[in-house]
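Protein chains in written order, with the working numbering: chain X, 1 to 126; chain C, 1 to 130.
What the hints contain is simulated information worked out from the structure, not anything from laboratory work.
All values derive from a computational prediction rather than experimental measurement.
Yeah, the Cβ is synthetic: ideal placement off N, Cα and C, and Gly gets one too.
Treat the hints loosely; a few may be bogus.
To be verified - Selected chain X positions facing chain C (in silico; Cβ < 10 Å):
#, residue
1, Gln15
2, Ala19
3, Ala26
4, Ile29
5, Ala32
6, Thr34
7, Arg35
8, Leu90
9, Met94
10, Ile98
11, Gln101
12, His104
13, Thr109
14, Tyr111
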Amino acid sequence: MLENIKMLTIASALQRHSAERHSVIAENIANADTRNYKAKDIEPFDQAFARLSRAGVENNAGGAAMQSEWRTFEAAQLGSHSPNGNTVSLEEQMMQSIEAQQSHEAATTIYRKAIDILRMSLGRNA
Amino acid sequence: MNVFAKAMNAAASGMNAQGFRMRVISENVANTDTPGYQSKQISFENTYDRAADINKVEVGRMTLDLSPLQRSYDPAHPLADESGYVEMSNVNMVSEMADSREAGRSYEANLATFNQARTMYSSLLDLLKR
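Isolated chain C (complex conformation) (with noise of 0.2 Å):
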């Protein structure tokens, strides 16, 4: 395989599971109020695809953040227990907007890389034309 190929292979590939981290925690983010909503987190494995011999990001699997969910008191609420507290989901607000900033950055960063394989490309191409 064109060697700028792999790099945009490569690129495509971060670019791909930066996406769905940003899924993921958007998925959090949106259920913050949801009582009993326990957050999900992601891992990325690298893995080496052997007909483009190159190392690629994946998706690992999905696990649950198990930590006890936030105790909130509302003796109000349709869903409080005898003592009047809901729980809430464990969602941290703060970490949450730390992963999304770092989603983001990664993600600008491969698009840079994708877009500079494709710069170097076609000025390859350029003498060709000539």
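Pulled out of the complex, with its shape left as it was, chain X reads as follows (with noise of 0.2 Å):
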């Protein structure tokens, strides 16, 4: 049901965006003194859900972009590459790690205010 609501739809998407990526993200940093490791990273949410969303308007279902299938590609910073060719630069990842939280927090937020606003139309106001 709940999944009808677009904003709904939207924000959840970009919660499990941004947790994916954060996943990545936890990922290279772990990996962050590993020879021969590359960085990797997954496509913006906008890109990501613009194509999902049209394969879901193909497959006939109705484009609520549900399933997670982001693209994962390898992200070299130019003049990340060690000696070891490790090409995790830990400080990018930090930037790029509160990015993906401070998304997620966004989509939660947005979340809240939207079930918020449907439960202040019930008239039950809680």
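Join these two chains into a complex; the hints should help.
Structure follows, in structure tokens:
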């Protein structure tokens, strides 16, 4: 029922995207000193959401973008190559993990506010 | 597996590896003055944990530093050879110190990630409490 409200769909998709991105970043940080490890990232949310919505419309799934198939790619920043072939830059990863946390926070807040509005419209203001 | 658990699992594997590295470094530093001690070195390996679907980090084989031992002139030492030299350890204090700094810094980064995943998860659970 709640999936039919577009705002909730987008908010939960953003939550899943940022949680997944955070998990990829956690792997990068864990492997910050592993030789030949290549830093990874997942595609930005706007691109991923557009792609999944298109796929959802084509499959007559109502554009729900409920699948969490985020594309992963190797994201090496210029100049972050270590002599042992590792491309993780800890500072870069910290910035990205804060970004992921903030977008997750934003999505959670939007979700909560949407539920509040629904509840208010029902007249049972808790 | 829950995506936050994946992140926490990866961060925990990183903390585990960095903690092990710190242990090896302190063993080397403790044995700086042990005659004939060869410093130990570890390398990290990236392994894919199929059950948890994450790229963990694991400690690889431990190797000995085969560089020549440091010779110091001390004829009074019981282990001195005919020419009065003793073979001490080949621990390089400067590189061990740099290594321990790096291990500490990486450990903190992993801990920060772990805490972030925990905060994100608990903010999600707060939605249920309302």
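Checked hints:
no. : hint   : in the structure
1   : Gln15  : 7 Å, holds
2   : Ala19  : 4 Å, holds
3   : Ala26  : 4 Å, holds
4   : Ile29  : 5 Å, holds
5   : Ala32  : 5 Å, holds
6   : Thr34  : 4 Å, holds
7   : Arg35  : 6 Å, holds
8   : Leu90  : 5 Å, holds
9   : Met94  : 7 Å, holds
10  : Ile98  : 8 Å, holds
11  : Gln101 : 5 Å, holds
12  : His104 : 5 Å, holds
13  : Thr109 : 9 Å, holds
14  : Tyr111 : 6 Å, holds
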